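If you read the sequence shown in UniProt numbering, its first letter stands for residue 1, the second for the next number, and so on.
You may find that some hints are simply not true.
[To be verified] Straight-line distance between alpha carbons at most 16 Å, and here's what the computed EDC-like set of lysine to aspartate or glutamate pairs gives:
{"#": "1", "residue 1": "69", "residue 2": "120"}
{"#": "2", "residue 1": "102", "residue 2": "92"}
{"#": "3", "residue 1": "34", "residue 2": "92"}
{"#": "4", "residue 1": "69", "residue 2": "57"}
{"#": "5", "residue 1": "34", "residue 2": "112"}
{"#": "6", "residue 1": "50", "residue 2": "64"}
{"#": "7", "residue 1": "53", "residue 2": "64"}
{"#": "8", "residue 1": "113", "residue 2": "64"}
{"#": "9", "residue 1": "119", "residue 2": "64"}
{"#": "10", "residue 1": "53", "residue 2": "120"}
[Unchecked claim] Have a look at the derived ranges for each label pair, beta carbon to beta carbon:
{"#": "11", "residue 1": "123", "residue 2": "86", "range": "26 to 36 Å"}
{"#": "12", "residue 1": "99", "residue 2": "123", "range": "27 to 37 Å"}
{"#": "13", "residue 1": "99", "residue 2": "119", "range": "25 to 35 Å"}
The hints are simulated quantities; they were obtained by calculation from the structure and are not laboratory data.
Just so it is clear, the structure is predicted and the values come from calculations on it, not from any experiment.
C-beta: ideal position from N, C-alpha, C; glycine also.
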Amino acid sequence: MKETSQDCEDGVASKRPRIDAPPLKEEEGDDENKSDVLLIRNLVRPFTLKQLKELLERTGTLEDFWINKIKSHCLVRFSSASEAGETRRALDDVKWPSSNPKRLSVTFSSREKMEETVKESSSFQAPKR
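Please put together the full structure from these sequences, using the hints given.
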């Protein structure tokens, strides 16, 4: 059985044999929740926002983007659900950047969740010292 995993060196995905899980098919996973918004978790620095956005723009047009303060996860809205789906297929379970000990977790989210997250993060102010 030929199964693959992906690592991303300098933003380029390569395929390697893997036995522990079958490849994700388009109709599997959270396809019933398919939307134009993705939640990307397990980001590990060092990387720049420009590098991350360039990686995401390879598979679609970014309409909106939010990342948390420590750059560990982000929400991205694409111009269509199909672009978001293509990005999910390309980046889920990928090591990026190559120094990242974790694999990216890419799942569908919603515009409502993105709006709520952006609102909550902008209303939170750290106490001044």
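Evaluated hints:
1. 69 x 120: This hinted pair holds, its Cα atoms lying about 12 Å apart.
2. 102 x 92: holds (11 Å)
3. 34 x 92: holds (14 Å)
4. 69 x 57: violated (21 Å)
5. 34 x 112: Status holds; Cα separation ~14 Å.
6. 50 x 64: OK: residue 50 and residue 64 at ~14 Å, within 16 Å.
7. 53 x 64: Between residue 53 and residue 64 the Cα gap is close to 11 Å, so the pair holds against 16 Å.
8. 113 x 64: Status holds; Cα separation ~13 Å.
9. 119 x 64: Status holds; Cα separation ~14 Å.
10. 53 x 120: violated (22 Å)
11. 123 x 86: 26 to 36 Å: Since the Cβ atoms of residue 123 and residue 86 sit about 33 Å apart, the hinted range of 26 to 36 Å holds.
12. 99 x 123: 27 to 37 Å: holds (33 Å)
13. 99 x 119: 25 to 35 Å: holds (33 Å)
Of the hints listed earlier, those the structure fails to meet are numbers 4, 10, in rising order.
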